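Asks: Residue numbers (the numbering used here), protein chains in the order written: chain E, 126 to 429; chain L, 30 to 800.
Hints were generated in silico from the structure; no laboratory data involved.
From a predicted model like this one, the values you see are computed outputs, not experimental measurements.
One thing to keep in mind: the hints can contain errors.
Under the rule of at most 30 Å between Cα atoms (straight-line distance), these lysine-lysine pairs were calculated in the DSSO-like manner [unchecked claim]:
no.: 1; chain 1: E; residue 1: Lys172; chain 2: L; residue 2: Lys94
no.: 2; chain 1: E; residue 1: Lys172; chain 2: L; residue 2: Lys785
no.: 3; chain 1: L; residue 1: Lys48; chain 2: L; residue 2: Lys334
no.: 4; chain 1: E; residue 1: Lys135; chain 2: L; residue 2: Lys293
no.: 5; chain 1: L; residue 1: Lys711; chain 2: E; residue 2: Lys172
no.: 6; chain 1: L; residue 1: Lys319; chain 2: E; residue 2: Lys135
no.: 7; chain 1: L; residue 1: Lys711; chain 2: E; residue 2: Lys177
no.: 8; chain 1: E; residue 1: Lys172; chain 2: L; residue 2: Lys334
no.: 9; chain 1: E; residue 1: Lys170; chain 2: L; residue 2: Lys711
no.: 10; chain 1: E; residue 1: Lys177; chain 2: L; residue 2: Lys94
no.: 11; chain 1: L; residue 1: Lys293; chain 2: E; residue 2: Lys289
Here is how the chains run, residue by residue.
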Amino acid sequence: MVTFYRRLPKFDYLAPQSIEEALALLSRYQGSAKVIAGGSDVVPKLKRRAMKGIDYIVDLKGISGLDYISYDGAGLKLGPLATVRAVERSDVVLETFPMLAQAAESMASPQVRNRGTVVGNICNAVPSADMAPSLLTLDAKVSVVSEKGSRTVAIQDFFTGPTKTVLSADEIVTGIEIPNPPANSRGKYIKLTPRRAMDLAVVGVAVMVTPENGICKDLRIALGAVSPTPIRVAQAESILKGNKFSDELIDQVAEAAAEGCRPISDHRASAEYRRDMVRVLTRRAIRELLSDEAASAQGFGKGA
Amino acid sequence: MAEFSLIGKSVPRVDGVEKVTGKAGYAADFSLPGMLWCKLVRSPYAHARIVNIDASRALRLPGVKAVVTGKDFGGWTWGWMPATRDEPPVAVDKVRYWAEAVAGIAAIDEDTAEEACDLVDVEYEELPGVFDPEEAMKDGAPAVHDYAENNISVQYHWNFGDVEKAFADAYIVREDRFATSRATKGYIEPPATLAYYDPSGYITVRAAKQSPYFHYRHLAACFKLPLSRVRVIQPYIGGGFGGTKNDSLAGDFCAVLLSKMTGKPVKYVESMEEELTTSRRRHNMITYSKMGATRDGIITAIQHKVIADGGGYTAVGPLSLYLAGFGTTLPYKLDNFKYDGYRVFTNNPMGAAMRGHGVTHTRFAAECQMDMIADELGMDRLEIRMKNSIDNPAPGTTYTTINGVTLKTCGMKEAFRQVAEPYWHERNELPKKEGNISWGVGVSGAPYLTGARQMGHQACAAIIRLCEDGTVNLITGATDCGQGSDTVLAMIAAEELGIPVSAVISQKVDTSYTPADPGSYGSRVTVLGGQAVQKAAQEVKKQLVEVAAQTWKVKPEDVDIRDGMVFVASDPDKQMPFDRMARVACYSGTGAVIMGTGYSTYGLEPLGMESGYGNAGVSYSFTAQTARVGVDLETGQLTTQSFTIASDCGRMLNPLLAEGQIEGGAIQGLGQAIYEDFIMDKGRTLNPTFVDYKMPHSVDIPEMKLIDVETNDPDGPYGAKEASEASHVSTPPAVICAIHDAAGVWIKEQPATPEKIVKALKEKAKEKAQK
Ligand SMILES: Cc1cc2nc3c(=O)[nH]c(=O)nc-3n(C[C@H](O)[C@H](O)[C@H](O)COP(=O)(O)OP(=O)(O)OC[C@H]3O[C@@H](n4cnc5c(N)ncnc54)[C@H](O)[C@@H]3O)c2cc1C
């Protein structure tokens with residue numbers, strides 16, 4: 126039967142006042158409870174009946190003090206209720222981690238960004254999640270708690286498949302920690318979309334490069350929407366590391382990035398186009414980061 | 030009248046404040062006490078026999094009040110023409126497209142109705158489906174309707190002049206295949222209705238319809254009631270653009286029948302995903318175009334074979350296919366034209382009308398092919414258009430095309446002249462390449478018709494009643510579905526009566542009181558509704574002037590009304606504000622009832638659909654357009670930088686509204702050209718959301734420069750013609766020709782997505798390498 130729902134399925138809405146209370150609810154309702162932050166992924170999914178067996182919604186928004194964006198000299202900390210919009214506009218993010226602000230700005234519309242959170246974006250774990258590639262290049266760490274205890278997961282290990290993460294049903298992410306990037310590094314996120322706004326990434330490429338006297342001291346490349354999860358392409362990164370920048374090597378890196386992903390064909394693009402674009406955009410990102418004017422550059426749609 | 034007081038002025042919309050403050054009531058905003066909610070059970074197959082429907086589990090769910098299936102409509106079917114009545118309100122023994130409705134449920138609330146859908150047990154026998162119109166025409170393809178041989182739903186074969194000879198004589202002949210996409214209207218109000226079949230045998234509905242009178246007739250026929258027992262009340266309409274809101278849908282019929290069965294009002298509101306999956310869309314059409322020209326670039330012959338994907342039922346398809354043929358002889362002179370059009374049934378959602386109806390498909394093909402010919406001849410693309418375009422007939426004369434289309438005004442050539450300067454500037458002075466972006470400029474011309482003729486009832490009518498407070502009630506059958514016609518019609522009434530627009534109180538359609546009208550259909554309201562209002566207002570003025578003449582004991586010819594005053598020009602003592610004169614008329618003596626009526630008389634001959642000869646509309650609008658587009662040669666991404674659009678829409682009655690329409694048409698055309706397409710998998714729509722069905726957003730819209738080419742057509746109130754469908758038609762070719770100019774590749778299948786462009790660039794590079 127095909128039914129087009131306008132109404133949400135029935136569930137109980139729970140509004141805990143503390144993380145402890147939230148964790149207790151999750152462990153009590155074992156898998157039939159779902160955490161929401163902004164709800165911009167969860168609510169449409171519930172409506173489409175793409176999320177089954179959810180009897181309880183545990184809303185974190187009633188818990189105070191979770192929307193922090195703080196910087197302590199060693200790194201940045203994002204709370205689970207820090208919205209995409211807040212990250213996009215935060216002075217410290219703009220100053221210290223401009224790539225994150227840039228990725229945030231590439232998402233959805235101001236309305237959705239005001240609602241959606243960065244933590245929600247990575248927990249939802251679609252391959253095209255826009256915050257993921259930059260966080261991957263920044264070696265972010267995800268703090269996770271449950272009633273049983275807490276753990277820290279490197280973002281590289283966080284995603285396990287399309288819409289799947291290492292989180293179990295009774296766990297909550299309490300924050301993301303992002304260490305300072307290497308000195309003199311610069312990063313860029315290029316999101317490929319047909320339109321200039323409100324599009325999901327056909328391909329997302331984040332590149333962070335640390336040049337030193339014409340030598341590539343460090344290179345990190347992460348890709349979105351071209352594999353079952355957002356990924357780093359270590360093989361591609363290693364080609365330039367320690368070597369002098371040259372067009373030839375940059376082309377090789379781009380080629381290796383294209384080889385290193387596993388795109389699918391769907392209604393948004395073919396696998397072939399996605400792979401081609403990984404090659405094009407990886408090369409473009411590195412080149413643009415190397416040219417001085419582009420040091421503070423923005424992605425497509427901003428006159429790149 | 031030499032000088033108008035309102036016509037030609039940018040009067041703000043009469044409903045603007047109500048709309049932006051959220052006070053305007055749309056169909057889904059209405060409720061009635063005791064109301065039930067209707068939800069449709071839809072098929073998970075694109076083509077299947079319905080073996081059995083068992084609703085007993087659904088009926089046992091507390092809160093469910095009734096279930097209807099296709100059989101409950103007693104075999105009634107409907108369609109645009111008597112010969113094509115092939116669509117039942119709800120599928121009876123077979124479903125012909127994915128998610129076609131098979132049952133309707135009424136329950137005490139929407140949640141219960143939705144829950145009950147899963148409890149209706151439908152047994153299907155899946156049938157092989159056919160999803161490609163060219164495959165569907167082949168012998169042995171699965172039959173969508175038993176009555177249609179080779180799945181051909183409608184076909185036309187017209188032959189004017191002698192194309193064979195013209196091709197033989199031509200210096201150059203090109204043959205290409207073009208295709209348009211599966212585009213949709215993209216309005217923000219999905220279909221909705223609130224229906225009540227009261228026990229005494231009257232149907233009352235408030236429905237989101239841009240042609241309420243079509244719905245009125247459908248309901249009367251379906252429920253076998255005299256028309257006088259059906260009342261369709263029109264609320265505010267949140268966009269129309271043709272197709273779905275001209276027609277009646279499964280939800281409309283089910284809501285009424287469920288109301289009849291339960292004795293309660295029943296409400297039905299479609300979800301956006303439902304609308305995008307099931308509703309009528311623009312036909313995607315394949316055009317095999319053959320064009321011949323002389324060495325000097327004079328186009329001597331066009332032969333079009335068009336194959337239109339009609340989907341599961343005929344709907345308005347005969348008109349769509351007719352318009353795709355008729356439009357080809359405009360806006361250029363053409364002596365030889367052959368058309369073979371086929372609308373083909375498939376197991377896809379239905380193809381139907383949409384802004385730029387019919388003409389957009391073949392004009393796209395012809396404009397692109399003209400550029401190809403110009404390029405091969407080494408001729409400029411604007412020059413070839415200037416050379417071929419139809420001249421403006423001298424006042425009092427008519428230009429007749431080879432297929433009998435008559436033009437009294439044609440601003441095509443002037444429009445091309447007007448865009449020439451921006452075209453040359455953009456081509457020759459602006460950069461051709463910036464980084465990865467290669468820039469190109471396209472130019473195109475397009476016609477559209479004003480007031481599409483109907484097979485049946487054609488005219489628009491108006492009644493104007495003078496009220497004692499000096500306001501007038503404007504009663505028409507016209508529907509403002511967002512285009513602003515309530516404002517324009519009020520301006521016409523006010524202009525004729527010499528009163529302010531605020532003194533005209535427009536009534537929305539209520540089929541019990543307003544005169545019958547085809548509604549917002551084929552760019553007709555301003556011209557045909559406008560003529561009706563103009564006449565009705567003149568009638569009211571005559572009667573009121575009569576009263577004034579008697580009051581002042583002067584001749585009626587000496588009395589006039591302007592700026593809210595009734596006066597005798599030669600005698601400053603004899604003047605009175607309009608509202609006071611209205612009271613004099615209403616209160617003195619027996620108390621006159623001042624009321625005027627009018628109806629349109631333009632364009633009354635019926636459509637020559639079989640012969641292809643004669644007019645499709647009352648008059649014809651024209652646009653010339655340029656587009657500057659940047660192509661990222663590596664990613665295929667497009668930057669649409671600017672449009673210049675010169676339009677001949679006769680006389681602009683309200684530039685603010687007309688320009689809004691022209692820009693809106695162009696933006697919708699841009700969507701069709703580069704973004705919009707339903708991606709299908711065996712009849713199922715894979716992108717039924719506005720995230721993945723991509724319409725241009727505000728940030729995607731180019732700078733637009735509009736130029737008004739005034740022609741003042743004799744067949745339109747104050748010289749008005751259609752505005753916005755022509756700019757919708759001229760945009761896709763302008764953009765796609767600009768892409769070719771920029772990147773050297775022809776994207777002959779809309780939309781020109783980045784991926785298609787990259788693929789074409791790769792192929793071009795490969796070809797070059799082979800040479
Ligand atoms: C119109 C529209 C456009 C969009 N465009 C984009 C886009 O361009 N790019 C993009 O990447 N996304 C886009 N999205 C998706 C979405 O807005 C983002 O992913 C957003 O960041 C999700 O955040 P949220 O707080 O709303 O998540 P929610 O919906 O609240 O949650 C998402 C997931 O994360 C889990 N979760 C949330 N917080 C926690 C926590 N603290 N601990 C454990 N699990 C948690 C939830 O259980 C759920 O599985 C769009 C969505 C919409 C509706």
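Asks: Which numbered hints are broken by the structure, listed smallest first?
Replies: Structure breaks hints 2, 3, 6, 8 and 11.
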